[in-house]
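Novice: Read off the chains here:
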Amino acid sequence: MHHNMYVSFNRLQQYPVPENKTGTYVIDLLTKRILALGATQQGQFLVDCESYLSLPQLGTTKTVHILHNSEQPASVFSILESGTKNIHVIADGLFDLLMMKLSQHYTSKKQTKIESKGPRFELGDFCVKIGSVTMNQNFKGILIEVEYRPCVMANAVWGLLREFLQGLLGPSIPVQPPQHLLSRMNEIYTPIDTIYQYLEHFSAYRKVTGLRSA
Amino acid sequence: MANSVNISIEAPIENQIQEITYDGQEIYQAPLSMSENLARLAQKIDFSKSDDEFCNIKKEGESSSDVKSEEDKEPGYQSSLWPWDSVRNKLRNALTEVSVLADVLSIAKEKRYMVLDPIQPDPIESRPMVQVYGRKKALSAAGAVLLNGVERLRASETMRMTRNMPDFHIDLLRLRQNWRLKKVSNTIVGDLSYRTAGSKFSQTGVFEVTKAPEEQIAAAMSMNAAGPTPSALRVTVPPELQGVAFISVVCQKEQEEVVTATLSSSALNCPGTLPGEGAELHWQQKLEAAQNVLFCKELFARMAAEAVQLDASIPHMVVGNQIMATVLPGIQLLIGLCHNNGQNNNNPEAVKPEERGNKNEHDHVLEHSLHQLLRAVHHANTHHPFPHPATGPLGPSKRRSLAGPMAADRYELLDMSKEQSLLEQIIQQAQHFFMRRRSEYVLDTIAKEVKDPLIVSHWNALNSPTQSCVKINIMAYGYDAVCRTSLVVHVGEKTLKCICRDGKVRHLSYELQELRDLIYCQIYQHQMTAVQAVGRCMGWQLLASSSHLGSGPVEPLGNASSCLLASPNGDRMIAIRCEPSVGIQVFIAQSPRKDFFVSELVQDKKWENLGGAFKEVKLEKMEGKNFLNKMELLMACLSSPS
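Protein sequences appear in the order of chains A and B.
Mind the numbering: the first sequence is residues -17 to 196 in the numbering used here, read in order.
Mind the numbering: the second sequence is residues 6 to 647 in the numbering used here, read in order.
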């Protein structure tokens, strides 16, 4: 069981976007920083999310989010939004096929398919993933995932992670514990918590309109 | 025909067989596509039949001239072999006839040139007697065929009974109970492979069942009348499965064979020998032998493939029919496939029986393990863990099928994909075998060398092929209730794990000098704790003890230990020093010291109570069965008022 924390990195807004300073530029910058710390790149990562809407014939419209994380390659995470409470189910890869069978009842919002993708670095006990978020091939922002592997409880490691992130991103970035974890800082962290955090950020990105240059 | 019976005939659903290969596999023709099928059926339609019926209606001159003119128009189509050509022509003829019929009908409708009158049908004359005779004749013909067959069967049966010949069908029934048979056209073939048991070996095990010639049976019966009746069956196994095969496992230590394990079916208790050419084996033995050959071949083929694939630090070698793998430094595992198919002279693969004949060291454990390993693989191939998801794939392990819902990460999944090959497992078993034998040897030699204290080792009877456990008790004869030191040694594949009395766990390598040193250290530790326990029983007081003395020469193994005991009234002291390389030394001192003389420096008489110099006790001269007994006697002696 690993501990992951996320920080949304939205510096592009403040950038006086000149022609050469794009999302790729920021990723390169962060990559250089993390490599300077002595990290080694260990492949790529990908987290994607597709949302399905139930048809109005079934009563109140519900949303099902289907997420995949390359860290758990055999699993499919699904989160059902039902009013105030979110219900999650972790299943194996066949769940995707099940969703295809359910296409009569749940329609996919293809244009909102969103993913975070990028390099994956390991630095001692830390694992850092710098992902560029794209929705329909449109660049939306940058998400940085930092994982501290020896610890399974958010409370015990939050200070360490904050320090690490501030060192990496600079002191001007406010680092707050994620909304999802606030109530469960003392519980054992599981992979679905990572997924909740991604969903939180993905939902925020979907609301933001307008394209950015990648 | 009022009495006709309707018989419906359908084509079988399965496709036509194009070819039957030698392994019994049937190759089917690909089914016709829809258009091919339509074309085929259309070509079969006999349009000329309907021509005749319409002959009387149509006017010949008209139609023939019509067709002729049509044919002249399109000669190109006629000449080419277009598949629909005949169909088109016939359809065209039909069209002509239908249009003629339409003309005729329209003429008849006018009732000016033509009138249609109904015709009285002829009454059908039914003749029941003719039918009865016809049926009688047909039935008697069928009955004659059956009677003829029965007569022939009865004749052959009585002939068999009178000559006391075995029944082919009874034998076939027995064969059928134990082996898979199927009838392919006129022959009976069987399958002796382990396919149905989960084997995926490519070689087939097809055999053929035939009736033995009666002369042979008669000859065999006359040869040994007292013995069991020969079978009326004869099975023919393919030549590559004939004879006797076995897998020999040899552990070699610098060109010297240590253990030989031989895998062979228990029925073939003499591997490498085959009865003479003339003697015909019973079909059951013959099939079992062939099955064993197939099993050995599968086992060897599998291990040879694994040996090539595995990248060990010292690569495994596959030479001819032998696999060589290094078990422990200096010890090699040789796994050989010996197949003796009765032609020893021209078969270089066959291992000469006399070469192994004088090696009586059959390790039935390794023999059994090899059997078990492959059978476990077969079993796993056919027995999938429950529950089976209705939509999920069959085959992955339970852990793997739970990996998705449990959100296993990539490292866990990678770990799951690792599978131990047969060769790795047998190497591990061989390694464990050596570790166990070496540990046994070390413990036995120590027990022989060291008489005081006693070293008793209990091997657990229940162990796994790669792990066993021994409990070692160190105690002195007569003092086992006072003090005993026990430790447990887990013998693994390449390492030993010793759990000592104080809870410390020590991991040792395959170099067994380490185990030897550890046991020696434990023996001396035991002596020190035991003497303290005896002292407590005698009412002596422990003044000091140290298990790791810093004084004295450096020990090659462990450290020297010592303890100091005082008698109940405090006037005598015993010091014991124990060095693993020297042994145990015992010193005594007493106060008031006998040799106290007032000197210029020490003038007061009271200093004589400090105790004098320690004097060594010559233990070997003392009475007593063992060290603790001697110490007890010494303490008793020193406790008594002098």
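Derived from the structure by calculation, the hints contain no laboratory data.
Please read all numbers here as calculations on a predicted model, not as lab measurements.
Beta carbons are placed, not taken as given, at the ideal position from N, Cα and C, and that holds for glycine.
Any given hint might turn out to be false.
Stated by the list, open to error - Negatives, chain B to chain A, calculated, CB over 12 Å:
hint	residue
1	Asp172
2	Val382
3	Ser406
4	Glu417
5	Ser604
What the hints assert, rightly or not - These stretches of chain A come out as covered by chain B in the derived footprint (C-beta under 8 Å, 3 or more residues):
hint	segment
6	39 to 45
7	66 to 74
8	168 to 174
Novice: Non-interface claim for Ser604/B: all C-beta distances to chain A beyond 12 Å?
Specialist: holds (69 Å)
Novice: Please settle this one: Ser406/B was flagged as non-interface, so is its CB more than 12 Å from every CB on chain A?
Specialist: violated (7 Å)
Novice: For the segment 168 to 174 of chain A, count the residues whose Cβ lies under 8 Å from any Cβ of chain B; is that count three or more?
Specialist: Contact hint for the segment 168 to 174 of chain A vs chain B: holds, 3 residues under 8 Å.
Novice: Does the claim that Asp172/B lies off the interface hold, with its Cβ farther than 12 Å from every Cβ of chain A?
Specialist: holds (56 Å)
Novice: State whether the coverage of the segment 66 to 74 of chain A by chain B holds or is violated, taking the criterion as 3 or more residues with Cβ-Cβ distances under 8 Å.
Specialist: holds (count 3)
Novice: Minimum C-beta separation from Glu417/B to chain A exceeding 12 Å: can you confirm that?
Specialist: violated (9 Å)
Novice: Quick check: do three or more residues in the segment 39 to 45 of chain A have a beta carbon closer than 8 Å to a beta carbon of chain B?
Specialist: Contact hint for the segment 39 to 45 of chain A vs chain B: violated, 0 residues under 8 Å.
Novice: Test the statement that Val382/B is away from the interface with chain A: the closest C-beta pair must be farther apart than 12 Å.
Specialist: holds (24 Å)
The structure fails hints 3, 4, 6 (numbered hints given earlier, in ascending order).
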